[in-house]
Amino acid sequence: MEDQIVRITSRLVTPFIQVYGIYVILHGHLSPGGGFSGGAIFGASLVLVALSFNLEVGAKQISHTTASVLESGGALGFVVTGLVGVAVGANFLANRGAGFPLGEAGELFSAGAIFIITAFLGVKVASTIVTLFYNIIEGEEKSGDAH
Amino acid sequence: MEMLIKIAHNYYYMVAILLFVIGMHTMLTHSNLIKKVIAMNIMDTSVFLMFVATGYTYGGAAPIVTAPANEVLYVNPLPGSLMLTGIVVAVSITAYALSLVVKIYRYYGTVDYDEICLIRSRE
Amino acid sequence: MDEATAITVILVVIFFPIIMTPILMSVSDRSEKLRDILAVVTSAITFLLVLTLYPFVVRGGIVQHTFFEILPNLEISIRLDVLSFSLTAIASFIWLLSTIYSIDYMAKEHGGSRYYPVLMFTLGSCLGIFLAGDFFTLFVFFELMSLISYILVVHEETEEALKAGYKYLVMTIIGGLALFFGIIITFELGGTVSFGVGSIIEEGTLIAFLAFMCFLIGFGMKAGMFPLHVWLPDAHPVAPSPASALLSGVMLKTGAYGLFRVIFNAFSIEVMQTNNWDIVLGVLAVITILLGSAVALTQNDLKRRLAYSSVGMMGYVLLGLSVLNENAIIGAVFHIFCHAIMKSCLFLAAGAIIWKTGKRTISELGSIGREMPFTMACFSIAALAMIGIPPLSGFLSKWTLGLGALDANATFYVIVLLISSLLNALYYLPIIVPAFFEMVGDEEQGHALKLSVQDVPPKMLAPMIILAIFTVIFGLSPINVPFDLSQMTSDFLLKGGWF
Amino acid sequence: MTEVLTEVLNALLLLFLIVCAIAVAQIRDMLSAVIVFASFGLIMAIVWQQLSSPDVAMVEAALGTGVTTLLLIAAISKTRRAE
Amino acid sequence: MELTNHFPALILAILLGISFLSPILYRWARKASAPALIASLFLALVMAVYLLVQVLQVGEFTYYMGGWPPPWGIEFKVNLLRVYMLLIVLAVSLWIMVYALKDLEHELKTEVMGWYYTLYALVVGSMAGMALTNDLFNLFVLMEICAISACAIISIKEDRACLEASFKYLILSAMGTGCFLLGVAMIYMVTGQMNYDLVNAALPEAVELYPNNMFAAAALFIVAFGTKAALFPLHVWLPDAHASAPSPSSAMLSGLVIKIYAFALFIMFYQLFPRSLLESIPLNEIVLWLSSMGIMFGSIFAMVQVDLKKMLAYSSIGQIGYVFLGIGLDDIIAMTGGFYHLLVHAIMKSMLFMCAGIIIYTTGIRQIKQLGGIGQVLPITMIAFTIGSASMIGIPGTGGLISKWYLALGALEIGRPIFVVIILASSLLNAVYYMPIIVNAFMQQEQFQHQVKPVPRKMLIPLIVGMAAIIFFGVFSRPAIVLLDEALALFF
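Chains as they are written, first to last, in our numbering: chain A, 8 to 154; chain B, 54 to 176; chain C, 4 to 502; chain D, 6 to 88; chain E, 3 to 494.
The hints are simulated quantities; they were obtained by calculation from the structure and are not laboratory data.
Be a bit skeptical, because a hint or two may be false.
A few chain C residues that face chain E, going by a derived Cβ cut-off under 10 Å, partial list only [as the list claims (entries may be wrong)]:
(1) F71
(2) I468
(3) I469
Label pairs and their in silico Cβ distance ranges [stated by the list, open to error]:
(4) E/T64 to B/T138: 17 to 25 Å
(5) E/R29 to B/I172: 31 to 39 Å
(6) A/V20 to E/V48: 29 to 37 Å
(7) E/E113 to A/H34: 38 to 46 Å
(8) A/H34 to E/W70: 34 to 42 Å
Taking lysine-lysine and the DSS-like style, the derived pairs with C-alpha atoms no more than 27 Å apart in a straight line are [what the hints assert, rightly or not]:
(9) E/K33 to E/K371
(10) E/K33 to E/K79
(11) E/K104 to C/K166
(12) C/K111 to C/K359
(13) C/K362 to C/K170
(14) E/K33 to C/K170
Ideal Cβ positions, reconstructed from N, Cα and C, are used throughout, including at glycine.
Kindly generate the complete structure, drawing on both the sequences and the hints.
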């Protein structure tokens, strides 16, 4: 896609989308949204860049390797957060029982482990979407060589 | 007539099942692999619709606690939150299926299942 | 000998040959001679150990011992009574002779390093069948023996052997499954399958009849009963001759033995007779006798003719089992002894002829008696016993069977016996008579005379001669151990057959 | 009055869903089918909003419609467009 | 609280953790990644054994994720049957992984190995979760995870047959999960619960009020689990998928993955649905006839195959039928047989696929015709193949006989000997297609003229373990049977 308008628009819009994605992730416990939707919004912004420019520019934003490492890291973080509960003697994935500060309801930093888990989830989902996209698109160079 | 009234009362469910059947029919009868993937999504989404409809209470508000202890009729939040997971799962299956389709295309030069079978039988 | 010793001996008898199998396998790479000796020693020791049980059994001793339960009420157990002893003794005896015979016979053939271990393993599992204490253990050893003996059947590895072997294998598995089905029904109806409890099923319901039919298929398959005999005439001739002798002489008897156990331990004589199941057996027996004998007439291959003759002869045993009175059972058990001895002798002799001259078809065997007088003498004695010429053992068994049939007022059976004897004569005499009396052509006469002094080596000849002597002795001698054992078995079985 | 209108709107949305689903099955140009599918997803998001499940609606709009459509378009650009 | 109380969750956490750790480990500490996976599988197995001990001592107990009791939280339930399933899953997958270490080097590119470990751990983890979970939606999520990762361990080889088979599997299994979720929606609609026990408590009343809903849910469940477990008319994806996958994946898929869905269907029938529902609709009867047809047709299709792995795959269709037969006969004895067969078949089919893998590894042969005389060059492999086939046929002394014994006994118990005939007929058919392979392998020794690589010891050791296991379960079947009796008594 070599369209100037698309390029400029996407370049302009991308930071806003990303900020919105982060907002949705961080406010997951307060309002609609959360790790899944926020992560998807964030990931989609990265895919948008890659689609409107080309793969090299997209890859500069987040490389394939980084994406897969982030992906594993996000999921591991989730498991580790869950294990904190076990470590301090409550159940797996325990929240209050594991001693996470709950804060005031309605505040940004409240709901204890949910907050942390949502953040990890956001990272995981965003990076997964990028990975999936690259997985599908990757055939380009290889098949391009073949033809 | 009674039947019609019954249906009218449950129209969300009826539509969901209709969509499910359309999706499944498309998925199983069309030979285009990408079409199959889209149809799979339609099928999944219809199930989600069904679920969300079960959680709906007539006139209920969205389950967001804005102020403590006021007596608002909320809809059941559980099906909705479960469907979040469902949607994510559906998207990941879609993504995986599409990457398979692209790879299949690289090998066979087609995404039509009938043609693939033809190519395989010729070997 | 007390019961504990007897249990030990039984265990050794079953497992000693099986344990020797890997040893034989490893030895055969180093020294073929050592392997041969070891095989003979193994079977000799087994035979002698079996003989040590004789006094215990004659005193009326019975062993029924459970080792462990594989499933609730389904156990692995052993049993020794006079019926098992009779079959164990004759089996290990024939096995010993056959192994001795194999030494020279197999020296010419390939694959001895496979043959002997398999032979010993089969011995162990075969004795396991006879000494099993319940149907499940019997079934385990039965399948083990049937599957392992497949290797003996296809030993030659010719196209024909593989084909026959495949047929054998499929039929064996069908039989095994039918047996399994029968055992399951018995277990379901009676809650146990042990031999130590008398008759397990006491009512002849439809489902019990199903069990009986399954047993009949399973064991009848092995015994070569019509219409399940089809594998037998293919499988027995293609094996090496000592193995054929064992297949026909011993392994067929496992089927007959199984039927004994079915009739006396799973059911009872009353169940058999009140529900007319004995007639089913009788009809099948008559067809088997007549068909086996008649088809044997048409065969031109020596070993195939012998194999068909085996089908007919097993019919006698079935006949005895369908009549179910004292004399008939004596006759059936005694016929098992006789047939084992005679048929092994015949197969060993046939093997000797093939080994020496390479001739298999009967029409080529004219004047063979001049080339191989001793072999043919043994063959003739055994064949005459088969026909039922009076002083020989075959006559005694047929006579007793006939008496049993008359006791049961079944004159028809006597006529069948006579017809079959006639048929036997018709297919054995054309082998014997030309072998000794046919005049060979002028130009070949010198050739024949030149060969006339050469017979097979003593290690092959001795087993045949021993068997021929036994054929004569058991017909004439006043001290007739097999006949006594048969009488004891008959008494024992008619008293209920368990304790 | 508004309630009746809402009901009518809901019914129309559902009708539209069915039409979209059938259209997806019938359209032979894959890119168009994907676009129709995207509109299907968006309508679905509105339906969920009507059913008072805003979070599901949001996820559907972002993931079910946004990302899925992106991926489908990527896949079609790698393969061929006609069915 | 003791650490041991968390074992149900920890098993899952360990497997999920290692699955995400594997790619990282593989990138930076390549040598450590395979031992780490094996160590964590082993650790999970040890925990499962501990759970067994605990269950035997205190009986059934539950675990709440995050400390939330149902209906809010996800409940894990630990009882004998579930632990039995869990043990099979973990033990067999550990065993297959040991074999896979060497085989994968040959079948996969090095850069995807780390991902293979990830997917493998995910499959095992999701199956372990399915064995333990007591929540319908949780089951759905785990089913999807299992389906995606199972497809991925097929397609990871990236040759054309694998990709196509994997896609077919993915689509049909998506249909299966779709049906399952719709069924769950039907149940949720009338009960408002997701937890098995709560649903079970609410259902009798709901069945009275909305019978159609329940019929639909039951039918959808049969279709869903039938597709996933390759119950007869829904088996079309299985042969391609299992035959084209790398051998360890085939062993895994045929040995375990299809079983877990049979187990799930059992749980649906006997824990979720009230007894009155099973009595009012002939669900068992449907499963019974479908499984009987599967038993027969699976064997018949297997007879005409020319490809070794494809034959084994078709044979799986027949064998899974035995497990469903146990469910269909609706009798505790038959069920014991079915579940025992689940164990035995997991071992024997995995072992047969391993043998096939070794044959392909050393000689490259896939066609049955070319196997003549291979027993000479690969004696241990072919002996293992023989023992595996013997168990398939049901030769005494092998585990296959015991399960058939119980199934047949159960069929007689409820007075339907026709199914005994079906079992026996299929045993015969099994013999017809397994025997020629063995016979040719050992007999026609001069025919074999292929190049043969030496067999690595790492591949032979699992085979020997497998042979020992098959014979062990054929001879010392008592403990497992007693355990199963006790486990199943909870459901009757």
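A quick look at each hint next to the structure:
The beta carbon of C/F71 is positioned within 10 Å of a beta carbon in chain E (closest approach about 8 Å), and the interface hint is therefore held. Checking C/I468 against chain E: minimum C-beta separation of about 35 Å lies over 10 Å; hint violated. Violation of the interface hint for C/I469 is found here, the shortest Cβ-Cβ separation to chain E being roughly 34 Å, above the 10 Å cut-off. Distance hint check: the CB atoms of E/T64 and B/T138 are about 22 Å apart, consistent with the given range 17 to 25 Å.
For the pair E/R29 and B/I172, the beta carbons lie near 37 Å from each other, so the given range of 31 to 39 Å is met. Checked against the given bound of 29 to 37 Å, the beta carbons of A/V20 and E/V48, roughly 53 Å apart, lie outside it. Between E/E113 and A/H34 the C-beta distance comes to about 39 Å, which sits within the given range of 38 to 46 Å. Remark: the range hint 34 to 42 Å for A/H34 to E/W70 is contradicted by a beta-carbon distance near 23 Å.
For a cut-off of 27 Å, the pair hint linking E/K33 to E/K371 is broken: about 39 Å separates their Cα positions. Taking the CA atoms of E/K33 and E/K79, the gap is near 37 Å; set against the 27 Å cutoff, the hint is violated. With a C-alpha separation of about 39 Å, the suggested pair E/K104 and C/K166 falls outside the 27 Å cut-off, and the hint is violated. At most 27 Å may separate the alpha-carbon atoms for a hinted pair to count; C/K111 and C/K359 meet this at roughly 11 Å.
Taken as a hint, the C/K362 and C/K170 pair is honoured in the structure, with Cα atoms around 25 Å apart against an allowance of 27 Å. For a cut-off of 27 Å, the pair hint linking E/K33 to C/K170 is broken: about 53 Å separates their Cα positions.
Violated hints for the displayed structure, listed by number in ascending order: 2, 3, 6, 8, 9, 10, 11, 14.
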